[in-house]
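2 protein chains.
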Amino acid sequence: MNNSQLTNDQQQQLLEILGSKGLLLETADRWTYGYDNSRRHCTPLAVALPTTVAQVVAVVALCNETDLSLVVRGRGTGTAGAAVPVAGGLVLSTERLDRIIKVDPDNRVLVVQPGATNQAVQQAAAEHGFFWPPDPTSAAVCTIGGNLACNAAGPRAVKYGTPRENTLGLRGVTGDGRPLRTGVYTTKGVVGYDLTRLLLGSEGTLGVITEATLKLTPLPEARRTLRALYRGTRAAAEAVARIMAQPITPCALEFMDEGAIGMIRNYSEVTIPEEVGALLMIEVDGPAECIEHAATAVAEAARNSDCLELTEARNAQEIRALWQMRKALSPALRNVAPKKINEDVVVPVSRMPDLIDGLNDLGRRYGITIVNFGHAGNGNIHVNLLVDPDDPNQMGAAAECLSDIFNMVLALDGTLSGEHGIGLDKRDYVVRETDPVALDLMHRIKAQFDPTGILNPGKKLPPL
Amino acid sequence: MNNSQLTNDQQQQLLEILGSKGLLLETADRWTYGYDNSRRHCTPLAVALPTTVAQVVAVVALCNETDLSLVVRGRGTGTAGAAVPVAGGLVLSTERLDRIIKVDPDNRVLVVQPGATNQAVQQAAAEHGFFWPPDPTSAAVCTIGGNLACNAAGPRAVKYGTPRENTLGLRGVTGDGRPLRTGVYTTKGVVGYDLTRLLLGSEGTLGVITEATLKLTPLPEARRTLRALYRGTRAAAEAVARIMAQPITPCALEFMDEGAIGMIRNYSEVTIPEEVGALLMIEVDGPAECIEHAATAVAEAARNSDCLELTEARNAQEIRALWQMRKALSPALRNVAPKKINEDVVVPVSRMPDLIDGLNDLGRRYGITIVNFGHAGNGNIHVNLLVDPDDPNQMGAAAECLSDIFNMVLALDGTLSGEHGIGLDKRDYVVRETDPVALDLMHRIKAQFDPTGILNPGKKLPPL
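Chains as they are written, first to last, in this note's numbering: chain V, 1 to 464; chain U, 1 to 464.
Fair warning: there could be bad hints in the mix.
Claimed, not checked - In silico DSS-like links for lysine-lysine, alpha-carbon gap of 27 Å or less: (1) V:K102 x V:K159; (2) U:K327 x U:K339; (3) U:K159 x U:K215; (4) U:K215 x V:K159; (5) V:K159 x V:K327; (6) U:K327 x V:K159; (7) U:K215 x U:K102; (8) U:K159 x U:K327; (9) U:K340 x U:K327; (10) V:K339 x V:K327; (11) U:K446 x V:K446; (12) V:K159 x U:K102; (13) V:K446 x V:K327; (14) U:K340 x V:K215; (15) V:K215 x V:K159; (16) U:K159 x V:K102; (17) V:K215 x U:K339; (18) U:K159 x U:K102.
If you're looking for bench data, these hints aren't it; they were derived computationally from the structure.
Turn these sequences into a full structure, and let the hints steer you where they fit.
See the structure below:
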C-alpha cells in the first residue's frame, strides 16, 4: 500500500468524483484535517468533502481499488486518535453531509446524515418535543457520525443509554465500496443479524456511515439538579450505589474527586469548603407533578453521615450555575496540564471506591497527580494523569502507571473504555481485556467488511 | 454431512462426554425434543443434556469434527421453528444448565445459565427489588437462552427494551468448539466490536450461549392498568400514536382488533359491547406518588371521540382481571384454529391503521379470517390467519395472502418479525426485507463463527 503520496491517476479520479471544491490538496488545508483531541497529528494526502452518498461510494471504491487508506472524520473531537490518519492516505470529512433528512415525531424517529452535529439533531428533535439521549460534552460541535462510530454517550446514558440503545438502523458503505443498509425503522426487529450495533462503536474500521435512523425520546417536562458534597470518596461512592439501588434512576450522576475539586477551586470562582473530598452532581427529570418526589428520593439516597452539604437547584439559572462548575473542569485541567493523559475506564458501580483508592495509591507510587471525575452512575470514570510531556522521566512513569491502572480496572471487573473508544491510544491494551477467541472473530469480521484493509487501518483492534 | 444416523464412534464419544444420563438415545425420549411451538417436528438422532460448560464445549467440538449438525433448544416455546432439528443431527437441551450464578443488586446485574426460565430470573431478581425487562407471554416456562437467541421481548419492551437493551455480556461456544466471552460487566463498554448483540437474536446459528450477564431494572413501586374500548381500529391506532407522543411511556400498550375481541367474547366470560371494534390495554408503572398522574396522562391521550369506554384497574385483583382477557386470547385462537398461522410483523406506530385496514382487505380477498393483536406501542402486531390445514385450497390461499401481507408490511416501512424470529417459517422471505450486501455479510459472519456450518443449519438466513 502506497500511502505516502497520491498518484496522478488517483488525484485525477478523486477530482472527477468530488470536483475541485470537494477535494483539498493544499498542505495548509490538509493539515487541519490531521488531528483530533488526542493531540496526535498526521497530515493526510488529501481531504475528500463529499456532498452526496454516491460520492462517498465512489471514493471508497477508488480507495479499495487503488489500495489507498481512508479515515472518516466528523469534527475531530474524539480523544483516542481514531480520526488521525496515521497510515497516511485520504481523510473523508462528513461535514457537508449534514442534512437532517426527516423528523417523524409520530414514530419517535429522526433520520440524519453523519455530518450533522449532535446539537443540530437535538434542536430539530426539540421542535417536536423530543431529544436524542446521547450527549457528549462536545455536543455543540461533535457530529452524529462520530457519536455513532465511537458509541459516545455522556451523562444521560445512566438513564437513557448510549447510541446502541438509541439507534434503529444505518446506511453506509463497506470497505469494498458496497452500499449497505442495516436495521429497521421500528423499535423492534429481529430479521437477520444485528449489523447496526456491530457498526456502532467500530470507529470507522468496518464501514462509512452515510445515514442513521435515530430513536427519539420525549423531552421530560421538568428537571431538578442537586449537588452533594462529601468528606471523602468512599462516602460519595456509597451514595452512588444507594442512589442506583432505588427505583428513581437519575438522568445524570456525575462524580468529582478531591483533585478535580481542587482544580475548580483554583481555576474558577466556585467556593467549596476545604474539608470536601468528593462531590456528586445528581439530576432527575420527569413529569412536573412527580419531580419533587424524584428529587426527594435521590436526595434521601444521597445523604449519609459523611455528606457535608446537599444543595438543590430549582430553576434554570440555579441549574446552570451548578453545571458550570462541572463544565469548567475539563478546561481547568487543560490549563494545568495541556497534555494530560485522559482515560475513561469503567468499573461496576460498587467497585468505584476501590478504583479511586487504587488510583490514589498509584499516583503516590509514581509521583503523578491523578484527577478523577466522570459518570458515576455508569461507573465510567475519567482518569486524568497530569504529566509534563517534556519530562521523559515522568512520561516513562506515566506509561507504567497507566499500565497498572488498566490492570486494576480489569481486576475490578471493569473495562478499559466506556465511551472514548480505542483509536490508537488504547489499542495495545485491548488484548488484556478481550477474550482471544472474540478478538480473532473481530479480526475476521473486519476482513469481511473491509477485505483490503483500507478503512482506518491500525485502529480499534491490536494488529494480528 | 451424514445426519441420518449416528456412527458408533459418535455415539461412544457422546457417551464419554455426557455419561449415559446425559444422552437420550431412545426414540420415545428423542421424539419430544423434536418440536417447538411452530408445530413442526423432526426427531433428532440424539439429545445431549449437558450439566457443565466443559461438556457443551466437548459436544460442539465433536459435532464440528464429525460434521454432525447441532440444534440448541431451551423449552421449545419458539414459534418459528428455530429449535426443530430439520437437518437431523443432535439436539442440545440447556435444561440442566439452569443455575442463577450470581445476583449482584449493587451493580444491577444478574449472571445466569441459559436453561434458567425467565420466571426463575424474575423471582431471583425480585428478591432484591429488581426485574429483567424482557417478558414473553411464555415467561413461566421459556428459558433465558431462548429469549436471548430470539431477542424475544413482550409487552414491557415499549418502555424497557428487548434483550439487546438489557444484556451486558455473554459466554458461549463457537461452531468450531471454541469457548468465547463477549461484552462487559458494566453498563458502558466500547472495547472491540459488539459481538454480544451479534449473538443476541442469532437463533443458535452463530454460537451456543452458556452464560449471560443481564442488566436489571429496579421494580416500579406502583402500577396502573387501563382498558380502552374503541369503535374501530383507526380510533385505537390514533390513541396509540397520541399516547406515544406524550412523555409518559407506558410499560405495556397492547392492542386487539375486532376479530380478536370476537374470539374472547365467544371463548371466555368477558363481556364487551357489540359496537366495540378495537381495544387497548394500557399499563403505566413508576413511583407510587406519581402513578396517579401517569395514569391520568395516558388516559387523556387515550380518549378520543370514538373511545366508547375507559376502565381503570386500581388494585392487583382488578389488574389481573383485565389481563386475563388478554391472556385468554392465544388459547382461544388455538381452539378455533389449532394450526393458525401466527406472524409478528412490525410497522411504525403511525402506520398501524393502514396495516389493519390492509389486513382486513386481504382477509376478504382471500376468504381468510385474520385476527390481529399485539404490542401496539412498538407497532408489533401478531397477525393470525385462521386456516384449516386439511383444506389444500385454503392453505394455498393462505400462502399467497401471507406473501401479500409481508409485501404490505415492507411497503409501510415495517419489518417481518419483531420477536418471534425467522427460524424456518420466514426464512424464504428475508430477501424481501434485507439489503443484499447486508445479507452477504451475514452469511460471511456465519462462516467465521461456524466454519463447518453445523449450528442450526438452514435457519435464520435464506440459503446462499
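Exercise. Between K215 of chain V and K339 of chain U, is the straight-line Cα distance small enough, at 27 Å or below?
Worked result: Roughly 36 Å between the alpha carbons, so the hint for K215 of chain V and K339 of chain U is violated.
Exercise. Can the restraint linking K215 of chain U and K102 of chain U be considered satisfied, given a maximum Cα separation of 27 Å?
Worked result: 12 Å, holds
Exercise. Has the given pair, K159 of chain V with K102 of chain U, been kept, meaning a C-alpha gap of at most 27 Å?
Worked result: 24 Å, holds
Exercise. Would the pair K159 of chain V and K327 of chain V pass a check requiring their Cα atoms to be no farther apart than 27 Å?
Worked result: Holds, because 20 Å separates the two Cα atoms, which is no more than 27 Å.
For this session: Would you check the hint for K215 of chain U and K159 of chain V, treating anything up to 27 Å between C-alpha atoms as holding?
Result: Satisfied, since the Cα-Cα distance of roughly 13 Å is no more than 27 Å.
Exercise. Straight-line Cα separation of K159 of chain U and K215 of chain U no greater than 27 Å?
Worked result: Holds - the C-alpha atoms of K215 of chain U and K159 of chain U are around 15 Å apart, at most 27 Å.
For this session: Verify the proposed pairing of K339 of chain V with K327 of chain V, using a straight-line Cα cut of 27 Å.
Result: 18 Å, holds
Exercise. If you draw a straight line from the CA of K159 of chain U to the CA of K102 of chain U, is it 27 Å or shorter?
Worked result: 26 Å, holds
Problem set entry | 27 Å Cα cutoff - pair K327 of chain U, K339 of chain U | Measuring from Cα to Cα gives roughly 19 Å; hence the hint holds.
For this session: Decide if the proposed pair is consistent with the structure: K340 of chain U and K327 of chain U, CA atoms, cutoff 27 Å inclusive.
Result: 17 Å, holds
For this session: Compare the distance between the alpha carbons of K446 of chain V and K327 of chain V with 27 Å, and conclude whether the hinted pair is satisfied.
Result: Violated, because 37 Å separates the two Cα atoms, which is more than 27 Å.
For this session: Measure nothing beyond the straight line between the CA atoms of K215 of chain V and K159 of chain V; if it is 27 Å or shorter, mark the hint as holding.
Result: 15 Å, holds
Hints 6, 13, 14 and 17, counting from the list given before, are not met by this structure.
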